[in-house]
Amino acid sequence: MIEQLRRDCIRHLSPDGTLTETGKEIWNRLDRDRKKNFFQWMTLVRHFDRRMILLQRQGRIGTYAPLEGQEAAQVGSALALQRKDWIFPSYREHGVAMIAGMPLSQILLYWMGRVEGCKAPEGVRIFPPSVPIATQIPHAVGAAWGFKLKKEDGVAVAYFGDGATSEGDFHEACNFAGVFQVPVILFCQNNGYAISVPFSRQSASKTVAEKAKSYDFPGIRVDGNDVLAVYDVMLQAIERARARKGPTLIEAVTYRKGPHTTADDATRYRPQAEVNEWVHQKDPLLRYTRLLKNEGLLTGKEEKEWEQTCKEKLDLAIIEAEKFPPAPPEHLFAHVYGNLPSNERKQRQELVQKRDRV
Amino acid sequence: MKEITMVQAICDGLRLALESDSRVLILGEDVGKNGGVFRATDGLWEKFGDERVIDTPLAESGIVGTSIGLTVNGFRPIAEVQFMGFIYPAVEQIVSHAARLRTRTQGAYPASLVVRIPYGGGIRAPELHCDSTESLFVHVPGLKVVTPSTPREAKGLLLAAVQDPDPVLFLEPMQLYRSIKEEVPEGWFEIPIGQARKVLDGEDITLISWGTMVPVAEKAAREWEKKGVFCDLIDLRSLSPLDEETIIASAKKTGRVVIVHEAPRTLGLGAELTALINEHAFLYLEAPVARVTGYDVPVPMFALEDDFRPDVQRVSESIRQVVSF
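Note that the protein sequences, when read in sequence, are chains A and B.
Under UniProt numbering, think of the first position of the first sequence as 1, with each following residue one higher.
Under UniProt numbering, think of the first position of the second sequence as 1, with each following residue one higher.
The following block holds chain A by itself, in its conformation from the complex (with noise of 0.2 Å):
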């Protein structure tokens, strides 16, 4: 199924809930754990983000990406990684991110301005957050290349959106992964808008996935709000990957609730009949959570519970995050070089006298 190029969306689970005949065969071979979690990271994910909006709002962070609407493709994509493989994110990665195993005070962190928060902890696979479009995607290659010339078998991934496929660097690295034929997953989360362009304005094609055609490598688009379908389809990207069968480009169709940063007005350039439909209607959470309740693994009460845990780990990480001792200023030259140079050990010397006046 991968190996075909698709303009059609994959999907195995409706927005109502129900599972297709090939969704019904992928449910029989998750064990419960599984089926849980799913549901479990996407509740996570999304009080996560909503509690990030009100920080903002009050000034505890600054500005941040909102990432509402997108749990679906970040965490059945995510889960289906291991920890010996690495993940290049974008800046809106947040789930990604602490599936991947970077605690939330690191997440909060970064978005309080710290770059501590970039830093993953020993043995997490994921980079920081690429903020400049698409340069992530040759990093990725990279990785992945390395996989191959150790001859190891853990694949890499890019994450990003569908206004990176315009980018050069998209198209650098999707060429250097086709010819080197190197174990890397370039997941796009097409959530139809960069800031407010549409994708209609990105690119002549029609989708992303079919862009993979001229690397002569697989591209394949799925709806992005089906859990279980982007996990499956990673996990078959996954797979061709550790089995040296090269990369493959997954487009997850989307959206996203709210506005690109907490620093934009998302009515001005979306309609909002647009923005109803998926909201709505398509909403990724809401389907699954239909769907568990339909078989029988979620009660309303274990679902209030959760929520509850969610609320509390929240709490937690951002009273972590917040008590955080605050770097000196001399942290500015902790990490520049190896060594500091002569030159930079002068103007270290200049600040911390500076603020031993004050």
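What the hints contain is simulated information worked out from the structure, not anything from laboratory work.
The structure displayed is predicted, hence computed values, not measured ones.
Glycine is no exception: its CB is placed at the ideal position from the N, C-alpha and C atoms.
There may be inaccurate statements among the hints.
[Stated by the list, open to error] Restricting the straight-line Cα-Cα distance to at most 25 Å, the calculated cross-link-like pairs of lysine to any residue (SDA-like) are:
hint, chain 1, residue 1, chain 2, residue 2
1, A, LYS150, B, GLY49
2, A, LYS150, B, THR105
3, A, LYS323, B, GLY107
4, B, LYS227, B, ARG314
5, A, LYS354, B, GLU279
6, B, LYS252, A, GLN349
7, A, LYS211, B, GLU92
8, A, LYS245, B, LYS227
9, A, LYS346, B, THR246
10, A, LYS150, B, ASP21
11, B, LYS33, A, TYR215
12, A, LYS151, B, SER22
13, A, LYS151, B, TYR109
14, A, LYS346, B, ALA271
15, A, LYS84, B, LYS227
16, A, LYS84, B, LYS252
17, A, LYS346, B, ASP55
18, A, LYS211, B, PRO57
19, A, LYS346, B, PHE282
20, A, LYS151, B, GLU92
21, A, LYS354, B, SER316
22, A, LYS151, B, ALA108
23, A, LYS213, B, LEU58
24, B, LYS33, A, LEU149
25, A, LYS150, B, PRO141
26, A, LYS213, B, ASP55
[Claimed, not checked] Covered by chain B, per the in silico footprint, the following chain A stretches (three or more residues, Cβ under 8 Å):
hint, segment
27, 16-27
28, 102-112
Given the structure of chain A, go ahead and fit chain B onto it with the hints provided.
Below, chain B without anything else, positioned relative to chain A:
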């Protein structure tokens, strides 16, 4: 010791780096089968194979970007960008990522890679093959920028760059690739990054230069030597970090300074050196610091190249003005 050219010395250094460390890879356009457009990687593909000496697609951002990814996964890439005039597609990867990755990951991933870039004019190369935009990169914290001016220097600096924990841009003066032969030690040796080289010792005037302009400055100095004016000629070698100590000590000693660089004058590295000398040796100066540089015009096509680049006559005239100030 054998006498070899700079391009042979670079090739020898690359071979040693590949031999001594299995994490070292060479990647770039035409570096493999063709041995590089200047033959800097001659014979390496045959010796080390397609997985160590890698011909890539023609894409500078891709070359540097994937190199960064390779460092993350345990490799030490030596990337080649064919000419400095073609580096600009890779500037984003160099400036936004390589330079700040160590800071952004708080030391975990330092982007230890080398980007080799032939630069400067003097070989009648086609349009846009002769840029000397070192200042762009010297301005960026987190990067190191070095350039040799002799075969021995080239090998020693290259091996230091390969061992360096930080991203290093290694600028290769194309004009000097084959114009000088020199005895170069055969084994591994390193010239520490951050230390300038005293080419000539003199008491009367300081000349500061690097890369392609070192032989030009040296010729001018030799002319003045005959007239009894002795130049303290400094080859910076390391443009970032600068060897401030050597520069300041020399300026204090002679009180007269001429800076020679090929790049256009405005915000060329000469401006930074002048400021440095003003900050630390102002009261020792007998004359304003002078600059002999390329003009503030686009690097010309080669018909006017000799009018654009500093030559012995211009340097010599500047020395005369500064000495007689």
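For each hint, the structure was consulted:
Our distance criterion of 25 Å between C-alpha atoms is met by A:LYS150 and B:GLY49, whose separation comes to about 15 Å. Pair hint A:LYS150 plus B:THR105 holds up; C-alpha atoms about 23 Å apart against a cutoff of 25 Å. With a CA separation close to 23 Å, the supplied pair A:LYS323 and B:GLY107 stays within the 25 Å bound. For the hint linking B:LYS227 to B:ARG314, the alpha-carbon distance of about 17 Å falls within 25 Å, and the restraint holds.
The straight-line distance between the Cα atoms of A:LYS354 and B:GLU279 is roughly 19 Å, inside the 25 Å bound, and the hint therefore holds. Among the hinted pairs, B:LYS252 with A:GLN349 is consistent with the structure: their alpha-carbon atoms are about 24 Å apart, no more than 25 Å. Restraint check for A:LYS211 and B:GLU92: the C-alpha separation of about 24 Å stays at or below 25 Å, so the hint holds. Proposed proximity of A:LYS245 and B:LYS227 is contradicted: the alpha carbons are some 72 Å apart, above 25 Å.
With a C-alpha separation of about 16 Å, the suggested pairing of A:LYS346 with B:THR246 holds against the 25 Å cut-off. For the proposed pair A:LYS150 and B:ASP21, the alpha carbon gap of about 14 Å is at most 25 Å, so the pair holds. A threshold of 25 Å between alpha carbons decides the hint, and for B:LYS33 with A:TYR215 the separation of about 24 Å falls inside it, so the pair holds. A distance of roughly 14 Å separates the Cα atoms of A:LYS151 and B:SER22; the hinted pair therefore holds under the 25 Å criterion.
In summary, the hint linking A:LYS151 to B:TYR109 is supported, as the alpha carbons are separated by about 22 Å, within the 25 Å threshold. Annotation: proposed proximity of A:LYS346 to B:ALA271 holds, straight-line Cα distance about 20 Å (limit 25 Å). At most 25 Å may separate the alpha-carbon atoms for a hinted pair to count; A:LYS84 and B:LYS227 exceed this at roughly 69 Å. Proposed proximity of A:LYS84 and B:LYS252 is contradicted: the alpha carbons are some 57 Å apart, above 25 Å.
Of the pairs offered as hints, the one joining A:LYS346 and B:ASP55 is violated, with about 43 Å between alpha carbons and a cut-off of 25 Å exceeded. Among the hinted pairs, A:LYS211 with B:PRO57 is consistent with the structure: their alpha-carbon atoms are about 18 Å apart, no more than 25 Å. In summary, the hint linking A:LYS346 to B:PHE282 is supported, as the alpha carbons are separated by about 19 Å, within the 25 Å threshold. Only pairs whose Cα atoms come within 25 Å are accepted, and A:LYS151 paired with B:GLU92 is rejected, the gap being roughly 30 Å.
Simply put, A:LYS354 and B:SER316 have alpha-carbon atoms about 44 Å apart, too far for the 25 Å limit, and the pair is violated. A hinted pair counts as satisfied when its Cα atoms are at most 25 Å apart, and A:LYS151 with B:ALA108 qualifies at roughly 23 Å. Between the alpha carbons of A:LYS213 and B:LEU58 the distance comes to roughly 20 Å, so the proposed pair stays at or under 25 Å and holds. In summary, the hint linking B:LYS33 to A:LEU149 is supported, as the alpha carbons are separated by about 19 Å, within the 25 Å threshold.
The suggested pairing of A:LYS150 with B:PRO141 is violated, with an alpha-carbon distance near 32 Å, which exceeds 25 Å. With a CA separation close to 23 Å, the supplied pair A:LYS213 and B:ASP55 stays within the 25 Å bound. Restraint check on the segment 16-27 of chain A versus chain B: 0 residues with Cβ-Cβ distances below 8 Å, three needed, restraint violated. Counting residues of the segment 102-112 of chain A whose CB lies closer than 8 Å to any CB of chain B gives 0, which falls below the minimum of 3, so the coverage claim is violated.
The structure shown violates the earlier hints numbered 8, 15, 16, 17, 20, 21, 25, 27 and 28.
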